[in-house]
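J.: The residues making up each chain are set out below.
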Amino acid sequence: MLPPGSRAGAGLGARQGLIMRPDDANIAGNVHGGTILKMIEEAGAIISTRHCNSQAGEPCVAALARVERTDFLSPMCIGEVANVSAEITYTSRHSVEVQVNVMSENILTGAKKLTNKATLWYVPLSLKNVNKVLEVPPIQYARKEQEDEGKKRYEEQKLDRLETKQRNGDVILPVINPEPHTVGYSQSSLIHLVGPSDCTLLGFVHGGVTMKLMDEVAGIVAARHCKTNIVTASVDAINFHEKIKKGCVITVSGRMTFTSNKSMEIEVFVDADPFVDEPRERYRAVSAFFTYVSLSKEGKPLPVPQLLTETEDEKRRFEEGKGRYLQTKAKRQAQMQQAAQQ
Amino acid sequence: MLPPGSRAGAGLGARQGLIMRPDDANIAGNVHGGTILKMIEEAGAIISTRHCNSQAGEPCVAALARVERTDFLSPMCIGEVANVSAEITYTSRHSVEVQVNVMSENILTGAKKLTNKATLWYVPLSLKNVNKVLEVPPIQYARKEQEDEGKKRYEEQKLDRLETKQRNGDVILPVINPEPHTVGYSQSSLIHLVGPSDCTLLGFVHGGVTMKLMDEVAGIVAARHCKTNIVTASVDAINFHEKIKKGCVITVSGRMTFTSNKSMEIEVFVDADPFVDEPRERYRAVSAFFTYVSLSKEGKPLPVPQLLTETEDEKRRFEEGKGRYLQTKAKRQAQMQQAAQQ
Amino acid sequence: MLPPGSRAGAGLGARQGLIMRPDDANIAGNVHGGTILKMIEEAGAIISTRHCNSQAGEPCVAALARVERTDFLSPMCIGEVANVSAEITYTSRHSVEVQVNVMSENILTGAKKLTNKATLWYVPLSLKNVNKVLEVPPIQYARKEQEDEGKKRYEEQKLDRLETKQRNGDVILPVINPEPHTVGYSQSSLIHLVGPSDCTLLGFVHGGVTMKLMDEVAGIVAARHCKTNIVTASVDAINFHEKIKKGCVITVSGRMTFTSNKSMEIEVFVDADPFVDEPRERYRAVSAFFTYVSLSKEGKPLPVPQLLTETEDEKRRFEEGKGRYLQTKAKRQAQMQQAAQQ
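Protein chains in written order, with this note's numbering: chain A, 122 to 463; chain B, 122 to 463; chain C, 122 to 463.
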């Protein structure tokens, strides 16, 4: 017997109608990418927690394990309504895949635009023992192919999560009196004391709260580099390997890694420092790449000053960023050709 | 022996001077009705909790049971100061009636306007056992008539509360591709995960937090219908039959029920879904009717497009809404005549 | 012709009854000093803006120029109500002195405690031209001595403001792999993008918002140093020489300067970076000294690990901090003796 609302494509956790407020946006009135990521994650957390508790058994909270690469397709503005809808599209034994769509709606004109399509993976953690991962009730698929495609996505992300777990040691070192357009000039970091409203019932930081802070730092790095109005264009896949507990101080640091003619890539690190009541050392909780573009007052993309790389590491990271940039570009062109042929 | 400050009209819980910020208002700069309702409820909760603990005995927290019909008499704007004052006007054995007034003050010009007069009923719940209603210390009345009038108000609201407890089963169903000006076109919903700052010391949602979310949804319904700047004109009496616990997900849904030439009535439902750690089903916690008007840039009321009703239920609700509208209108005219004769 | 309510001691802008929420406090449940400073400043801004607009003339907004040294006399806790009252105690030609008192009230037991007594100075800036300081309507004093004492306080703070304007060049340099209990180990900084809700009607950051961020950083420095529950004990006088505009990025940095047996002194700098749309360089907006104590679970002060100073500058700052510490201690003992003799 399956619980109600557990077919793939059902289990809608729609959240329509959040008005975007001045504090959600930059001075030009564009809603921060981080605000949108936070809404997406909240919708995903609710639908997957609800699903994982839909069968009798140990109560649990779904914790964010991964967000797939996400593109911001069109800017959202103050006064618009964000319509967020979520559905469960795949379940493995211990994880849930959620697809979240965000539409911006101008309620005065009725105009609607697709802002984001995001894919998130959640893992159910026992409410009694946060280190225990519970089993996920399976969903029913309308067609066998849906399950197969889901399984393929599941295997792919699993590999990627393993890989990123290795390369998390990097640290952002401070630079004294940096020149404009160098890496050191725009690098930035913030600290945040984790409060109760940042946390789930388990007392760990919501993934969406972390992403919002990451976007905040990345946005400041981008603005310091090009000194214009900037907006989030995309976020590469983010893996949440380590939980962050209430009462921690988190340091979020960002540095520019690559610039193309019209975009900037910023690497962001999140380090957690338990520092009270805990024998644990400071540790790397998350890292990710954010891509920003610079916009004119009319909303057109502006050219971006080239990043000046100085050290060997900076040059290497620039080349790696270029690789990611070209790969994404090629993938997008392939998709467009495919779409044109259909 | 009565505690100090417990005469009717004393026990002032004044809260002067909250500056209204951009996030408290819509794009036109009008403070959201929900922000005002939240301030009102906080003032009421403080004064009634203080009063109920004013005699030795079990400590308790006053929980909102009911808000009487409330009119928004004049709009408040960003930058103005909201002056909120509260006094206890009646006590029954287990409940407290609080009268709250809100004045808006332009501190640049010194102009003050009465924004709201609200009447709220609170019930003291034991801090040790949330299901135990404690006794309320009686207040002293300056005149016998004050007590008699209070008792009459108490009996009236008690009847009304019983009545609304019956009719809470309705659900808002989604509509595919609705036509403009139909009920389905503007209906909206949001979900909210209840966080620690939403809750009282007992771990249940503040009534004011719930009302703020209700006003947010109702405002979106109204704006979707008429696509202009809208403001809350009044809220019908709201009864809080069921508490909502920390960690619940609440779904707030709104649909338009009636339009007159210059006003819209929106019915709002709040459903709570414990969904973790609770064997309990989703349940209806609150419902209420909000009335909105549409304003021009100069602040004059605009005509409202008529609501197109399609189903039998919609037509029935429209007629019921019309009944409420005509009743309120008649009552207001009677009051004005009475005032003119005095 | 004097406006109503403009005698010294009148013009009350009381704001009673803000319930302290989990988000306002640390994990131990103690309300952050920064939250209290923000409430104090908001009350001061309202009463002084109201007063400065009380006579016909150019409309203006009172901007915070200075906060006198403030002691936190007893901790405030989640669930308590903060009662804030403000009165104007002196006016010079271009400035207003406001005295703000904060009482914490446990509405369950009725217990009230004085939490803070703060003195703030505001300057009226024209709403049309933010660089124009307007004249302040004079207040009436009940006794001639009140005016004389006010004038003395005015002259003293004027001198102090001039003095601090000189010594604002210092910068906090990063340290790689610092040892525990050194200055470099606990030093911290955060960045914050100034949003609309942080700002006054003039579009400049509320002094209270700045102080809240400063307390946040200072608290993290203190907690990193002693790894226990810490609370704000006092804040030295803070002068606001430079305004911070909406859209700026502000960097708030803190470093420990001195430890006594049971207290820590932390110096905090606020730097503003206009960085969009502005030809202006990054500049120092505010700096201040915060003192923290470490508390056991029972609320008793704990010993503090001694600060390890390494460089000449650190040793010099330690000695200066010691000077301030001994001076404050001597002053407090003198006051206690005086009080005992009365």
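Just to be clear, a hint being listed does not mean it is correct.
If chains are identical, the list can't say which one is meant, so a pair holds when it fits in one copy or spans any two.
To be verified - Below, a list of computed lysine-lysine pairs in the PhoX-like style, where the Cα atoms sit at most 25 Å apart:
no., residue 1, residue 2
1, 249, 367
2, 348, 367
3, 249, 366
4, 436, 348
5, 436, 383
6, 450, 273
7, 366, 273
8, 367, 233
9, 234, 366
10, 383, 450
11, 364, 348
12, 273, 367
13, 253, 367
Simulated from the structure, these hints should not be mistaken for laboratory data.
J.: Now, for every hint given, state plainly whether the structure supports it.
T.: Outcome of the hint check:
{"no.": "1", "hint": "249 to 367", "verdict": "both (17 Å within a copy, 17 Å between copies)"}
{"no.": "2", "hint": "348 to 367", "verdict": "between (35 Å within a copy, 15 Å between copies)"}
{"no.": "3", "hint": "249 to 366", "verdict": "both (15 Å within a copy, 18 Å between copies)"}
{"no.": "4", "hint": "436 to 348", "verdict": "within (23 Å within a copy, 39 Å between copies)"}
{"no.": "5", "hint": "436 to 383", "verdict": "within (19 Å within a copy, 49 Å between copies)"}
{"no.": "6", "hint": "450 to 273", "verdict": "within (23 Å within a copy, 61 Å between copies)"}
{"no.": "7", "hint": "366 to 273", "verdict": "neither (32 Å within a copy, 39 Å between copies)"}
{"no.": "8", "hint": "367 to 233", "verdict": "neither (38 Å within a copy, 28 Å between copies)"}
{"no.": "9", "hint": "234 to 366", "verdict": "neither (37 Å within a copy, 31 Å between copies)"}
{"no.": "10", "hint": "383 to 450", "verdict": "within (13 Å within a copy, 53 Å between copies)"}
{"no.": "11", "hint": "364 to 348", "verdict": "between (34 Å within a copy, 20 Å between copies)"}
{"no.": "12", "hint": "273 to 367", "verdict": "neither (35 Å within a copy, 38 Å between copies)"}
{"no.": "13", "hint": "253 to 367", "verdict": "both (19 Å within a copy, 23 Å between copies)"}
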